[in-house]
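Undergrad: In case you want the letters, here they are:
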Amino acid sequence: MFNNSDQCSIWLATHILPHENHIRARLRRYADIDTDDIIHEAYVTIAEADWAGIANPLAYFTSICRNLVMQHYRRARVVPVTSLALMQADTMPDAMPSAEQVVHARQEMRFLEKAIAKLPARCRDIFILRRARGLSQKECAAQLNISENIVEKQLARALVFLSKEYSESEREMTVDEERRPRLAHSRKRHP
Amino acid sequence: MRRDARVSPTLASATPEEAAAGWTARLDKGPLSASEQQALQNWLDQDRRHKGAFLRAKAIWQASGRLSALHGPAAPPIAHTTPLPPLPRRRFFAAAATTALLLAAPKPQGKANSLYVTANGVSAPLHTAFGTITLDCYSQLKMGLESSRLVAGRCCVLGRTGMIVKAGNLIFAPQGRLLLSCSPTQVTATSISGSVRLRRHHSNEWWTLNAGSQISLTGNLPPEVRSLLPEEMATQNAWSLGLLEARDESISSIVGTFNRYNQRQLHVSADFANRKLTGVFNLNQPEVFAMAAQTILGARLTQTPQTLLLY
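Residue numbers (the numbering used here), protein chains in the order written: chain A, 2 to 192; chain B, 8 to 318.
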């Protein structure tokens, strides 16, 4: 499972994570279900599958979660009738969010930016230096004159916080007014 | 945020999310020692949900890399967001000498001013002395001895020093992979890898577009430059790799794209036309897409040698 783990993480980040909010909202309707457990199990199932060949990640993610809920109910002694009715009503096409509901890449970025802004100052500075500016943990430590250990711990804190934001926050579904595009690089040629 | 968030991966009291975050941050620092490796493995083996939390933490870590599109690289420490000034319009070949230095004179190669035209299919890569040019469907390219011109449609240029491609009012010298599109009103260039130097006709000012950046020029308006996210790049580059990347795109729009590239035409009933799909499909296999859509939508599929009908 952890071979090609970087590619797998990138794939999960691109194709699964953005849909998590939508799937969690659906899972929360079911009684006696631990949403976190289902989501975690789904990640493992997807990572163990031939994820690169999954043509429709959202539909796949939805169906995996649905099967896991079903498995859970099969094992349970008492299954809430309302949940069974929901399961039957939940069909794959219904699971497709509309264009407005999908968090697009740029919205995802704004979401991240806002989430990061809520971090305590030092934690945020370290996270931005490492993830946005691309400094290594060692370089972050040197730049901020702190130990590498602190950098590592603060990055983990930021990650725990982001994990909660992804789980709990109602993502902003409206597109912010696009900022003026940033010029990556331009240079006048000197003859 | 809790101030006492337990983030040490080896703390017994840590929640799966905290331990997963701790391990992800630890792995980012450097390789694990043998004992750490063992501790991680033990933790993963303890519970399948630990594996899920770990995979998810790593996915969130990857997703957070998107922030670099907002904040830019480390050097220089303060990212200057210099606006691109309008390129001068009336300096006629003033930099001919410098241009000649910059662009090694190409050897004659192929026919002079051959016009390549594509219909419903992507061309094979067209070889020039300095790389290859692949034409998208319904596109036209004029290939000359020293430069090529995209007349209409789209192309993908894989260039090295010496490659010159023109489109509309712009001249490009790509070193890497460049996507170009040209309509009567607009030229758009996207640098996928490497970099591309460009200038307007009658101008001696050269600009550099790095990988991940896109420039659009509409008429005589100042050019617009934006940086693209990896997903946007993948979507835009997909056709040149024989792929169609749909992100929450309507079935009718996806079908329209397939029909541009294939003899075998897809038709979809009104019931499904506005349904949205996300996925990566082989551009040249509409039947594979039709079967996937059939399964996902619960639709019926009727096939003839020339058509595929989803209803």
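Note that these hints are calculated values from the structure, not bench results.
Treat the hints with care, since some could be wrong.
Listed next, with one range per pair, are the computed distances between beta-carbon atoms [claimed, not checked]:
id: 1; chain 1: B; residue 1: Ala131; chain 2: A; residue 2: Arg29; range: 38 to 44 angstroms
id: 2; chain 1: B; residue 1: Glu153; chain 2: A; residue 2: Ile147; range: 33 to 39 angstroms
id: 3; chain 1: B; residue 1: Pro38; chain 2: A; residue 2: Asn146; range: 24 to 30 angstroms
id: 4; chain 1: B; residue 1: Gln272; chain 2: A; residue 2: Ala122; range: 31 to 37 angstroms
id: 5; chain 1: B; residue 1: Arg167; chain 2: A; residue 2: Asp51; range: 33 to 39 angstroms
id: 6; chain 1: B; residue 1: Ser223; chain 2: A; residue 2: Lys119; range: 31 to 37 angstroms
id: 7; chain 1: A; residue 1: Asn146; chain 2: B; residue 2: Tyr123; range: 42 to 48 angstroms
id: 8; chain 1: A; residue 1: Ser6; chain 2: B; residue 2: Ala280; range: 52 to 58 angstroms
id: 9; chain 1: A; residue 1: Ile147; chain 2: B; residue 2: Asp54; range: 38 to 44 angstroms
With a straight-line cut-off of 20 angstroms between C-alpha atoms, the simulated EDC-like cross-links for lysine to aspartate or glutamate are [stated by the list, open to error]:
id: 10; chain 1: A; residue 1: Lys115; chain 2: A; residue 2: Glu149
id: 11; chain 1: A; residue 1: Lys115; chain 2: A; residue 2: Asp38
id: 12; chain 1: B; residue 1: Lys283; chain 2: B; residue 2: Asp255
id: 13; chain 1: B; residue 1: Lys36; chain 2: B; residue 2: Asp54
id: 14; chain 1: B; residue 1: Lys149; chain 2: B; residue 2: Glu212
id: 15; chain 1: B; residue 1: Lys36; chain 2: A; residue 2: Asp7
id: 16; chain 1: A; residue 1: Lys165; chain 2: A; residue 2: Glu49
id: 17; chain 1: A; residue 1: Lys165; chain 2: A; residue 2: Asp51
id: 18; chain 1: B; residue 1: Lys173; chain 2: B; residue 2: Glu231
id: 19; chain 1: A; residue 1: Lys119; chain 2: A; residue 2: Glu140
id: 20; chain 1: A; residue 1: Lys139; chain 2: B; residue 2: Glu212
id: 21; chain 1: A; residue 1: Lys165; chain 2: A; residue 2: Glu149
id: 22; chain 1: B; residue 1: Lys36; chain 2: A; residue 2: Glu114
id: 23; chain 1: A; residue 1: Lys139; chain 2: A; residue 2: Asp126
id: 24; chain 1: A; residue 1: Lys119; chain 2: A; residue 2: Glu166
id: 25; chain 1: B; residue 1: Lys283; chain 2: B; residue 2: Glu212
id: 26; chain 1: B; residue 1: Lys36; chain 2: A; residue 2: Asp126
id: 27; chain 1: A; residue 1: Lys154; chain 2: B; residue 2: Glu239
id: 28; chain 1: A; residue 1: Lys154; chain 2: B; residue 2: Asp35
id: 29; chain 1: B; residue 1: Lys283; chain 2: B; residue 2: Glu238
id: 30; chain 1: B; residue 1: Lys36; chain 2: A; residue 2: Asp37
The structure presented is a predicted model; accordingly, all values stated were derived computationally and were not measured.
All residues carry an ideal CB built from backbone N, CA and C; glycine is no exception.
Undergrad: So, for every hint listed, does it hold in this structure?
TA: Okay, the hints, checked on the actual structure:
1. B:Ala131 x A:Arg29: 38 to 44 angstroms: violated, 52 angstroms
2. B:Glu153 x A:Ile147: 33 to 39 angstroms: Hint violated: Cβ distance 57 angstroms, outside 33 to 39 angstroms.
3. B:Pro38 x A:Asn146: 24 to 30 angstroms: Between proline 38 of chain B and asparagine 146 of chain A, where Cβ atoms are some 25 angstroms apart, the hint holds.
4. B:Gln272 x A:Ala122: 31 to 37 angstroms: violated, 59 angstroms
5. B:Arg167 x A:Asp51: 33 to 39 angstroms: holds, 36 angstroms
6. B:Ser223 x A:Lys119: 31 to 37 angstroms: holds, 35 angstroms
7. A:Asn146 x B:Tyr123: 42 to 48 angstroms: violated, 60 angstroms
8. A:Ser6 x B:Ala280: 52 to 58 angstroms: violated, 39 angstroms
9. A:Ile147 x B:Asp54: 38 to 44 angstroms: violated, 34 angstroms
10. A:Lys115 x A:Glu149: violated, 26 angstroms
11. A:Lys115 x A:Asp38: violated, 26 angstroms
12. B:Lys283 x B:Asp255: Status holds; Cα separation ~5 angstroms.
13. B:Lys36 x B:Asp54: violated, 25 angstroms
14. B:Lys149 x B:Glu212: Given that 20 angstroms is the threshold and the Cα spacing comes to 25 angstroms, the pair is violated.
15. B:Lys36 x A:Asp7: Since the Cα atoms of lysine 36 of chain B and aspartate 7 of chain A sit roughly 15 angstroms apart, the hinted pair holds (cutoff 20 angstroms).
16. A:Lys165 x A:Glu49: Violated, at roughly 24 angstroms.
17. A:Lys165 x A:Asp51: violated, 28 angstroms
18. B:Lys173 x B:Glu231: With a Cα-Cα distance of about 18 angstroms, the restraint between lysine 173 of chain B and glutamate 231 of chain B holds, given a limit of 20 angstroms.
19. A:Lys119 x A:Glu140: Distance of about 24 angstroms is beyond 20 angstroms: violated.
20. A:Lys139 x B:Glu212: violated, 40 angstroms
21. A:Lys165 x A:Glu149: Distance of about 25 angstroms is beyond 20 angstroms: violated.
22. B:Lys36 x A:Glu114: violated, 23 angstroms
23. A:Lys139 x A:Asp126: holds, 14 angstroms
24. A:Lys119 x A:Glu166: At roughly 10 angstroms apart (the allowed maximum being 20 angstroms), glutamate 166 of chain A and lysine 119 of chain A satisfy the hint.
25. B:Lys283 x B:Glu212: violated, 44 angstroms
26. B:Lys36 x A:Asp126: holds, 17 angstroms
27. A:Lys154 x B:Glu239: Since the Cα atoms of lysine 154 of chain A and glutamate 239 of chain B sit roughly 33 angstroms apart, the hinted pair is violated (cutoff 20 angstroms).
28. A:Lys154 x B:Asp35: The hint holds at about 11 angstroms.
29. B:Lys283 x B:Glu238: holds, 18 angstroms
30. B:Lys36 x A:Asp37: violated, 27 angstroms
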